[in-house]
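For what it's worth, full-length UniProt numbering labels the leading residue of the sequence shown as 1, then goes sequentially.
Treat the hints as calculated values from the structure; they're not laboratory data.
Wrong hints could be hidden among the right ones.
As the list claims (entries may be wrong) - Between beta-carbon pairs, the in silico distance windows are: (1) 59 - 11: 17 to 23 angstroms; (2) 73 - 50: 27 to 33 angstroms; (3) 42 - 92: 18 to 24 angstroms; (4) 25 - 83: 32 to 38 angstroms; (5) 72 - 11: 17 to 23 angstroms; (6) 33 - 90: 29 to 35 angstroms; (7) 84 - 39: 14 to 20 angstroms; (8) 89 - 46: 32 to 38 angstroms; (9) 73 - 95: 33 to 39 angstroms; (10) 14 - 91: 18 to 24 angstroms; (11) 94 - 70: 15 to 21 angstroms; (12) 11 - 76: 20 to 26 angstroms.
Each residue gets a CB set at the ideal place from its N, CA and C atoms; glycine is no exception.
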Amino acid sequence: MLRSSLSKPVAFLPIEIKTRLRFATLLLKHSHNVNQAKSHLERSQLLLKSIPSYFELKCRAYSLLSQCYNLVGAIPQQKQIINKGLELISTAENGQSEIMGM
1 MLRSSLSKPV AFLPIEIKTR LRFATLLLKH SHNVNQAKSH LERSQLLLKS IPSYFELKCR
61 AYSLLSQCYN LVGAIPQQKQ IINKGLELIS TAENGQSEIM GM
């Protein structure tokens, strides 16, 4: 099982990430199973590290994970995830202004 997960083609990673984000959203909204949602979100975050793009997915993962950390009372982790999200946005804004010649 471990071998198959390590040899996944990169092309399938966005599909797995989107599925995990949707599943975490359903868990939070309908079952209030925060720990399972957090597990899916942390896994999606690990997968997102191997993909340089997919800004929207990364922002969504940070947002949902921040909510999970808040619900379980893990405030330091919540702050850390929010800071990572802000850093991602700042990096994206800097990249956009360089592209536009600003």
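Evaluation of the provided hints:
no.	hint	result
1	59 - 11: 17 to 23 angstroms	holds, 22 angstroms
2	73 - 50: 27 to 33 angstroms	holds, 30 angstroms
3	42 - 92: 18 to 24 angstroms	holds, 22 angstroms
4	25 - 83: 32 to 38 angstroms	violated, 23 angstroms
5	72 - 11: 17 to 23 angstroms	violated, 34 angstroms
6	33 - 90: 29 to 35 angstroms	holds, 33 angstroms
7	84 - 39: 14 to 20 angstroms	holds, 18 angstroms
8	89 - 46: 32 to 38 angstroms	violated, 20 angstroms
9	73 - 95: 33 to 39 angstroms	holds, 35 angstroms
10	14 - 91: 18 to 24 angstroms	holds, 20 angstroms
11	94 - 70: 15 to 21 angstroms	violated, 28 angstroms
12	11 - 76: 20 to 26 angstroms	violated, 36 angstroms
When held up to the earlier numbered hints, the structure conflicts with 4, 5, 8, 11, 12 and fits the remainder.
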